[in-house]
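Participant: Sequence:
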Amino acid sequence: MGEVPQCDDCPANLWQANFEAVEIYGKLATQMKYAADGSPTGLDYGAMGFIFELYDVEKERRKQLFDKVLIIEKEVLATGGSK
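Note that our numbering has the sequence shown beginning at 1, numbered continuously upward.
Among the hints, a few may not be true.
Distance condition first, Cα-Cα at most 25 Å in a straight line; then the derived DSS-like pairs of lysine-lysine [stated by the list, open to error]: (1) K68 x K33; (2) K63 x K27; (3) K74 x K33; (4) K68 x K27.
Just the calculated beta-carbon pair ranges, DEER-fashion [said to hold, decoys possible]: (5) A35 x I71: 20 to 28 Å; (6) D44 x T79: 14 to 22 Å; (7) K63 x Q16: 16 to 24 Å.
Hint data in this document are derived by calculation from the structure and do not stem from the laboratory. Heads up, the beta-carbon is just placed ideally off N, CA and C, and yes, glycines get one too.
Make a model of the complete structure from these sequences and hints.
Facilitator: Next comes the structure, spelled out in structure tokens:
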């Protein structure tokens, strides 16, 4: 992920500029935390640094990518999330 990956077969409603954030969120989806009642409470952000390192995300781009992942997380939580 040193360069912004291309997505030639992305859905029409997924902007190319957001593709990498969606990819990162997909890799973090197993790191969702849940409350005692089973409702999702948010991602384990500690895992995000590991994912950034693992996929060689340039340090200069991490904050912007983190912010985009937060937007995705917010929408997932607003819709009840998924396990």
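Participant: Determine for every hint whether it applies to the structure shown.
Facilitator: Hint by hint, here is what the structure shows:
no.	hint	result
1	K68 x K33	holds, 19 Å
2	K63 x K27	holds, 17 Å
3	K74 x K33	holds, 13 Å
4	K68 x K27	holds, 14 Å
5	A35 x I71: 20 to 28 Å	holds, 22 Å
6	D44 x T79: 14 to 22 Å	holds, 20 Å
7	K63 x Q16: 16 to 24 Å	holds, 20 Å
Of the numbered hints listed earlier, not one is contradicted by the structure.
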